[in-house]
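Each chain, letter by letter, is given below.
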Amino acid sequence: MMTTQSSQLSELTAAQIVEAASAAGEPAWMVERREAAWQAYSASEAPFWRRTDLTKLQTDTLMVPSAVQSTNLVWDASLAAQGVVFTTLAQALRDHPELVQKYFGTAIADEHRYRMLHSALWQDGAFLYVPKNVMIETPLRAVYSLADGSQSTFPHTIVVLERGASASFIEEYSSADQPNQVLCAPASEIFIGDGASLRYVALQAWGNGVYHIGAQRVMFGRDANCDWVALNLGATLQHLETESNLLGDGSKVNWVAAILANGTQVLLNAPWLRHSGTNTEGHMDFKTVVKDSGYTTFDGMIKIDHESRGTITRLEEHALHLSPKARSDSIPGLKIDTNDVAQAGHASTSGEVDDEQLFYMLSRGIPRAEAVHMIVTGFFEPVIDRIPDEALRERVAEMVEAKL
Amino acid sequence: MSNELVIQELHANIGDKEILKGVNLTVTPGSIHAIMGPNGSGKSTLSYALMGHPNYTITSGEVWYKGQNILELEANERSKLGMFLAFQYPVSIPGVTVANFLRSAMNAHRSVEGKDPKETAIPMAQFRKAIREQMSALSIDEVFARRYLNDGFSGGEKKRIEILQMAMLKPSMAIMDETDSGLDIDALRVVSEGVNTLASQNTDMGVMVITHYQRLLNYIKPHYVSVMMDGRIVRSGGPELALELEEKGYDWIREAVLSASES
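Going down the list, the sequences are from chains A and B. Sequential numbering from -19 applies to the first sequence in my numbering. Sequential numbering from 78 applies to the second sequence in my numbering.
If you are wondering where the hints come from, they were derived from the structure by calculation, not from laboratory data. All residues carry an ideal CB built from backbone N, CA and C; glycine is no exception. Hints are not guaranteed to be accurate.
Calculated pairs, DSBU-like style, for lysine-lysine (alpha carbon to alpha carbon, straight line, at most 35 Å) [claimed, not checked]: (1) Lys235/B / Lys206/B; (2) Lys195/B / Lys94/B; (3) Lys143/B / Lys235/B; (4) Lys271/A / Lys143/B; (5) Lys98/B / Lys192/B; (6) Lys143/B / Lys157/B; (7) Lys305/A / Lys36/A; (8) Lys305/A / Lys157/B; (9) Lys195/B / Lys271/A; (10) Lys235/B / Lys192/B; (11) Lys383/A / Lys157/B; (12) Lys195/B / Lys383/A; (13) Lys82/A / Lys305/A; (14) Lys235/B / Lys98/B; (15) Lys195/B / Lys98/B; (16) Lys112/A / Lys82/A; (17) Lys383/A / Lys192/B; (18) Lys383/A / Lys235/B; (19) Lys232/A / Lys271/A; (20) Lys298/B / Lys325/B; (21) Lys271/A / Lys325/B; (22) Lys94/B / Lys192/B; (23) Lys112/A / Lys36/A; (24) Lys305/A / Lys94/B; (25) Lys235/B / Lys271/A; (26) Lys283/A / Lys112/A; (27) Lys298/B / Lys247/B; (28) Lys192/B / Lys247/B; (29) Lys283/A / Lys271/A; (30) Lys315/A / Lys305/A.
Covered stretches of chain A (in silico footprint by chain B; criterion: 3 or more residues with CB under 8 Å from a CB of chain B, positions within the stretch not fixed) [what the hints assert, rightly or not]: (31) 14 to 27; (32) 340 to 347.
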């Protein structure tokens, strides 16, 4: 085990951050970046988010790490012979500083204080680089967990697929329930080169006590393709800003999500689907289940830029309510700046388990509780079915099962 | 314990509107009983009420089957007792495959209170063999077993899947609600043959065939025919009554009923 060093957020100074980064041998640009981000953070105000209430999060007493401590990478290391790089981001910064510099912070900017904090304090992280035309079948996994002592974590993930490459990447956040508040403020920057293809699974399965305030952004090259499966199951609170940026002509995303809030969980998702290139195609299918006093928000936006022609875009979002106190809000937006759209569609439903479905199942002898259970798991099935890894598929199905 | 289905003075509402206004009917084991009637006469309401649909409120009356007033039972308990409703509009359940649905239904039927469900569950190999045989008999492609139940199925496919469920669950009392609606002749023949085969294999099965048209009764031959109008059974007879209705329509019965009630 790596020894862990940490300090309380309120006692941290710019000098300490600079000293630690320099001592770790980080290049000057990164050290400067951390210092600038810390100063921006120190001068920043808490963001006003209408549906994310952070008043209960005690930032002053959060413990923050000063070394990599909870990044676990799972892959077939023989792929290195083909030029594939998969290491912690800290290691990549030592071995491939130019590559990291080329991408770090280019997709996600420090727009609010939690991103500033992320840029100043990140330690954990993963760097995946797949060279031109290299095709990888077996998924590569980056698993972020928590070290002992309820330390906060700021994982930074960079995935780069060069032209014509293809890979499956699983990004996973998981832990047991925490006795103290923990902040996880991750950022994931994904770059899919021309004609490259990525299957991206993002699993948020934190235990109670974790506040997950993160960002994920996928940048698409020409004819790039991404199959994105998002699973939001854990944490006390989630405020997740995600984006598919279809920059390259002919690029395409198929984006599905399963979101399940029970107990008193508050899970917000703010996915943006941005069509910038011409003839781009985006399909979103977000499925939400709320139980007990769970509360979810879908704050999505489809934006079609002025230069984008021949766009095909479709948004489906459906929510199932399993108890009277459960709530889900949906605020879908559509902003079209071009007059040449090939197809745009939106479908949305929200409500309790359908009486007709329930009666049909009862009439075949299936007891009520089991029927509801089958309908709910069936609701998520098309999403879970897209996970390109059987073991993970089964694990996610079990997690859903346990929460129901 | 009688295996007759005995409906006594059944009254049922949708909301505040009374649809069934005192239905009396007995379906004996091994018999096929057709219920005919014009649209809006309450035929489909009768089938839903018998199976326990929550939208229909029973205001009075009793329905006895196998020694129980089934109106006191939940729909799944009625199913376990041997009742089956083939829906006019089968419901789709995305995410639940035909095979999984059928296996859950069969296991629910096999479950015994106080016993571990794993002990009573149908062994996988036995289930696979049974579903394969029944699908083949009903000319249903095997890929349907892995498709989501009724999700994107054509009208004919849905009706075949209804009969498949019936063949697997082997009910002792089957209610066919407008099974012929939306079927072309080929599908009608396959579906009817399915029902006839089941009836011949299980000679104690009672069948209630609800239909607007006589056409279906060319394929499923009833022993008895009853006519429903304005929430009541107004006339009963043998198969010849269906032919008479086909020839003369429903108006003559309506007139006969009206004049009888006036006199």
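For each hint, the structure was consulted:
The hinted pair formed by Lys235/B and Lys206/B meets the criterion: a straight-line CA distance of about 21 Å does not exceed 35 Å. For a cut-off of 35 Å, the pair hint linking Lys195/B to Lys94/B is broken: about 45 Å separates their Cα positions. For the suggested pair Lys143/B and Lys235/B, the alpha carbons sit about 30 Å apart, so the restraint of at most 35 Å is met. Proximity of Lys271/A to Lys143/B is assessed by CA-CA distance (about 39 Å); at most 35 Å being required, the pair is judged violated.
Taking the CA atoms of Lys98/B and Lys192/B, the gap is near 42 Å; set against the 35 Å cutoff, the hint is violated. The suggested pairing of Lys143/B with Lys157/B holds, with an alpha-carbon distance near 11 Å, which does not exceed 35 Å. Pair hint Lys305/A plus Lys36/A holds up; C-alpha atoms about 21 Å apart against a cutoff of 35 Å. Proposed proximity of Lys305/A and Lys157/B is supported: the alpha carbons are some 33 Å apart, at most 35 Å.
A hinted pair counts as satisfied when its Cα atoms are at most 35 Å apart, and Lys195/B with Lys271/A qualifies at roughly 28 Å. At roughly 34 Å between alpha-carbon atoms, Lys235/B and Lys192/B fall within 35 Å of each other, so this suggested pair holds. Restraint check: the Cα-Cα separation between Lys383/A and Lys157/B comes to about 30 Å, which is no more than 35 Å; the hinted pair holds. A distance of roughly 22 Å separates the Cα atoms of Lys195/B and Lys383/A; the hinted pair therefore holds under the 35 Å criterion.
A distance of roughly 48 Å separates the Cα atoms of Lys82/A and Lys305/A; the hinted pair therefore is violated under the 35 Å criterion. Taken as a hint, the Lys235/B and Lys98/B pair is honoured in the structure, with Cα atoms around 31 Å apart against an allowance of 35 Å. At most 35 Å may separate the alpha-carbon atoms for a hinted pair to count; Lys195/B and Lys98/B exceed this at roughly 45 Å. At roughly 17 Å between alpha-carbon atoms, Lys112/A and Lys82/A fall within 35 Å of each other, so this suggested pair holds.
Restraint check: the Cα-Cα separation between Lys383/A and Lys192/B comes to about 26 Å, which is no more than 35 Å; the hinted pair holds. Using a Cα cut-off of 35 Å, the hinted pair Lys383/A and Lys235/B holds, with the two alpha carbons roughly 33 Å apart. Among the hinted pairs, Lys232/A with Lys271/A is consistent with the structure: their alpha-carbon atoms are about 33 Å apart, no more than 35 Å. With a CA separation close to 20 Å, the supplied pair Lys298/B and Lys325/B stays within the 35 Å bound.
Pair hint Lys271/A plus Lys325/B does not hold up; C-alpha atoms about 57 Å apart against a cutoff of 35 Å. With a C-alpha separation of about 43 Å, the suggested pairing of Lys94/B with Lys192/B is violated against the 35 Å cut-off. As the CA atoms of Lys112/A and Lys36/A are separated by approximately 47 Å, the hinted pair breaks the 35 Å bound. The suggested pairing of Lys305/A with Lys94/B holds, with an alpha-carbon distance near 32 Å, which does not exceed 35 Å.
Between Lys235/B and Lys271/A the alpha-carbon distance is near 32 Å, which keeps this suggested pair within the 35 Å criterion. Under the criterion of a C-alpha separation no larger than 35 Å, the hint pairing Lys283/A with Lys112/A is consistent with the structure, at around 30 Å. The straight-line distance between the Cα atoms of Lys298/B and Lys247/B is roughly 20 Å, inside the 35 Å bound, and the hint therefore holds. For the given pair, Lys192/B sits about 22 Å from Lys247/B by alpha-carbon distance, which is consistent with the 35 Å threshold.
A C-alpha spacing of about 31 Å is found between Lys283/A and Lys271/A, which places the hinted pair at or below 35 Å, so the restraint holds. With a C-alpha separation of about 33 Å, the suggested pair Lys315/A and Lys305/A falls inside the 35 Å cut-off, and the hint holds. Coverage of the stretch 14 to 27 of chain A by chain B is violated in this model, with 0 residues showing a Cβ closer than 8 Å to a Cβ of that chain against a need of three. Chain B is given as covering the stretch 340 to 347 of chain A, and this holds because 8 residues of the stretch bring a CB closer than 8 Å to a CB of that chain, at least three being needed.
The structure fails hints 2, 4, 5, 13, 15, 21, 22, 23, 31 (numbered hints given earlier, in ascending order).
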